[in-house]
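Peer 1: Note that numbering that gives the first Met the number 0 has the sequence shown beginning at 0, numbered continuously upward.
Zero decoy hints are in this set.
Okay, derived cross-link-like pairs now, DSSO-like style, lysine-lysine, Cα gap no bigger than 27 Å in a straight line:
(1) K111 - K30
(2) K40 - K84
(3) K92 - K107
(4) K92 - K106
(5) K99 - K51
(6) K37 - K115
(7) K111 - K92
Cβ-Cβ distance ranges computed for the label pairs, FRET-style:
(8) T103 - T135: 31 to 41 Å
(9) G96 - Y65: 15 to 25 Å
(10) E36 - D112: 15 to 25 Å
(11) I22 - S133: 34 to 44 Å
(12) K111 - Q70: 18 to 28 Å
FYI, nobody ran anything at the bench for these hints, they're computed from the structure.
Bear in mind that the values here come from a model prediction, so they are computed numbers and not experimental data.
Beta carbons are placed, not taken as given, at the ideal position from N, Cα and C, and that holds for glycine.
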Amino acid sequence: MARPRNQEANLIAVLNMHEPDSIECITVSFKFDIQIEKRIKALIVQGLYSNKAECIRNAVIIYMLYIHTTQTKPLYDGHTDYGTKPLIRVSIKNPIGFMKEIDTYIKKHGFKDRSKFFRAALTHFFEDIDEYESQTQY
Numbered sequence: 000m001a002r003p004r005n006q007e008a009n010l011i012a013v014l015n016m017h018e019p020d021s022i023e024c025i026t027v028s029f030k031f032d033i034q035i036e037k038r039i040k041a042l043i044v045q046g047l048y049s050n051k052a053e054c055i056r057n058a059v060i061i062y063m064l065y066i067h068t069t070q071t072k073p074l075y076d077g078h079t080d081y082g083t084k085p086l087i088r089v090s091i092k093n094p095i096g097f098m099k100e101i102d103t104y105i106k107k108h109g110f111k112d113r114s115k116f117f118r119a120a121l122t123h124f125f126e127d128i129d130e131y132e133s134q135t136q137y
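Working from the sequences, and respecting the hints, build out all of it.
Peer 2: Set out below in structure tokens:
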């Protein structure tokens, strides 16, 4: 009998996953701040990611690992008021297993919906980058 994998092992498996056509995927659409879009494009131009979906998935995985390993309530409750900030809609394909993991986190941590979760993950991701860059500047 196969031993069930824990949540962290599932996330690590997703990190090693590529996007072959043989993996069943679903498309997810959500909105986020246009500034986030600009920052994602900058990371792609720098060669750190090959496309927007890869960057967003990485941000989500890092956020989920952060929540899992620290066992703390997420830093963002997903209820950010964007007011009149311009939001853009993005659609990305994700493996079904990955989306099931995301949906588990959404329910467990009280996010209103997937969009709020993705925005929280991206906010956390770029705040980590900003903190790292501020600590490494001379």
